[in-house]
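Asks: Sequences and hints are given; from them, build the entire structure.
Each number in the working numbering corresponds to the 1-based position in the sequence shown with 5 added.
By construction, these hints were calculated from the structure, which means they are not laboratory data. Careful, some of the hints might be misleading.
List time: in silico DSSO-like cross-link candidates among lysine-lysine, alpha-carbon distance up to 27 angstroms [claimed, not checked]:
1. Lys-104 with Lys-146
2. Lys-283 with Lys-297
3. Lys-316 with Lys-263
4. Lys-104 with Lys-298
5. Lys-283 with Lys-246
6. Lys-159 with Lys-104
7. Lys-104 with Lys-246
8. Lys-250 with Lys-156
9. Lys-214 with Lys-156
10. Lys-146 with Lys-300
Simulated restraints on C-beta separations [unchecked claim]:
11. Ala-185 with Gly-42: 51 to 57 angstroms
12. Arg-324 with Glu-77: 34 to 40 angstroms
13. Ala-177 with Ala-209: 51 to 57 angstroms
14. Glu-213 with Asn-127: 31 to 37 angstroms
15. Lys-214 with Lys-58: 21 to 27 angstroms
16. Lys-101 with Asp-59: 30 to 36 angstroms
17. Ala-112 with Lys-325: 40 to 46 angstroms
18. Lys-298 with Glu-213: 52 to 58 angstroms
19. Glu-222 with Glu-202: 24 to 30 angstroms
20. Glu-322 with Asn-210: 15 to 21 angstroms
21. Glu-299 with Glu-242: 47 to 53 angstroms
22. Gly-126 with Gly-42: 50 to 56 angstroms
23. Glu-202 with Arg-245: 18 to 24 angstroms
The C-beta atom is built at its ideal place from N, Cα and C for all residues, glycine as well.
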Amino acid sequence: MKTKSFLPLLTACATLASASLFAADQLVLAAIPKSTGGEFWETVANGAKKAAKDLGVTLKWEGTVTETEIAEQNKIIENMVNLGVKGIALAPLNQKAMKRQVEAAVAAGIPVVIFDSGVDGNAHSSFVATDNKNGGVIGGKELVRLVGDKKGAKVMCMRFVQGTGSTEARSAGFIETAKAAGFTVAADPYPDTGTIEGCKTAAANTLEKFVKNGALELDGIFAANLYSTIGVASALEDLRKGGIKVNVKFVGFDTSKKLVEDVQAGKIDALVAQNPEKMGYLAVETLYKVVKKEKVPTMVDTGTVLVTKDKLANDAEVRKLVGL
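Replies: Below you can see the structure in the form of structure tokens.
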């Protein structure tokens, strides 16, 4: 990770931050997501840009292509500081690795609001996100309900990139809930890359170990985010196409058009849905309040909703959330 030039630069850039490249009467904020691709981050962007429009501020939205480019995200933060933005909303790619960069930006006079995933330390002004551990608990409770009172039931937790605060918290919440129910967490793999293909490969390699006598011998699966859920769903579909009997309860996290269709088709039992547009909006709104010296809560919970086949058919709020 190339951070050597960044930190010394920031220690001397308090004056740079005040000597903004923007007009004196122009309030410019930056929002740095984990990625600029995929349905989730596109929806977050919609919310962030709507907030900027409502508040009458200029928003610079810039992020990495994938969710593993820590060094590149560092460069984006550095660029925003050098441009003299008045505040940064950041979705950190790594909970530990981004701590010093956040502290350095704040030391340069630029407040930081964290969103989506947490970061170590307390330099940031607020954290706008889903209560991720509770989201994992919600997913765990639903899987326990689906599997039933079956002590020793074998379940799998499909994680995401190691060190990602949001998915680590969700996985922890799920695993604690599953173990409390007497289930055995038989596998909890990480993907080698933070992509759908990486998640599918990790899921397929793990599931293969539980195929015996033409059947998948797992009782339940929880996946910790959008890519993990898509990867598991695809790996399970490949098993079915290969003639393997698949009778497993499956709870994922996040939504997409295809995942919602899979819930409707009975291929996924439930999804723990976030509200990404609300998250983007509140991240920018909270940052604006910080810049304006208003008091903000240390944590802003953007909420989660359990999406099931029944709710997709009958719950108007759930249907609206997933775009039906």
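Asks: All hints, please: hold or fail.
Replies: Results for each hint:
no.	hint	result
1	Lys-104 with Lys-146	violated, 32 angstroms
2	Lys-283 with Lys-297	holds, 21 angstroms
3	Lys-316 with Lys-263	holds, 17 angstroms
4	Lys-104 with Lys-298	holds, 23 angstroms
5	Lys-283 with Lys-246	violated, 38 angstroms
6	Lys-159 with Lys-104	violated, 37 angstroms
7	Lys-104 with Lys-246	violated, 45 angstroms
8	Lys-250 with Lys-156	holds, 22 angstroms
9	Lys-214 with Lys-156	holds, 21 angstroms
10	Lys-146 with Lys-300	violated, 35 angstroms
11	Ala-185 with Gly-42: 51 to 57 angstroms	violated, 37 angstroms
12	Arg-324 with Glu-77: 34 to 40 angstroms	holds, 37 angstroms
13	Ala-177 with Ala-209: 51 to 57 angstroms	violated, 24 angstroms
14	Glu-213 with Asn-127: 31 to 37 angstroms	violated, 44 angstroms
15	Lys-214 with Lys-58: 21 to 27 angstroms	violated, 50 angstroms
16	Lys-101 with Asp-59: 30 to 36 angstroms	holds, 34 angstroms
17	Ala-112 with Lys-325: 40 to 46 angstroms	holds, 42 angstroms
18	Lys-298 with Glu-213: 52 to 58 angstroms	holds, 56 angstroms
19	Glu-222 with Glu-202: 24 to 30 angstroms	holds, 25 angstroms
20	Glu-322 with Asn-210: 15 to 21 angstroms	violated, 38 angstroms
21	Glu-299 with Glu-242: 47 to 53 angstroms	holds, 49 angstroms
22	Gly-126 with Gly-42: 50 to 56 angstroms	violated, 28 angstroms
23	Glu-202 with Arg-245: 18 to 24 angstroms	holds, 19 angstroms
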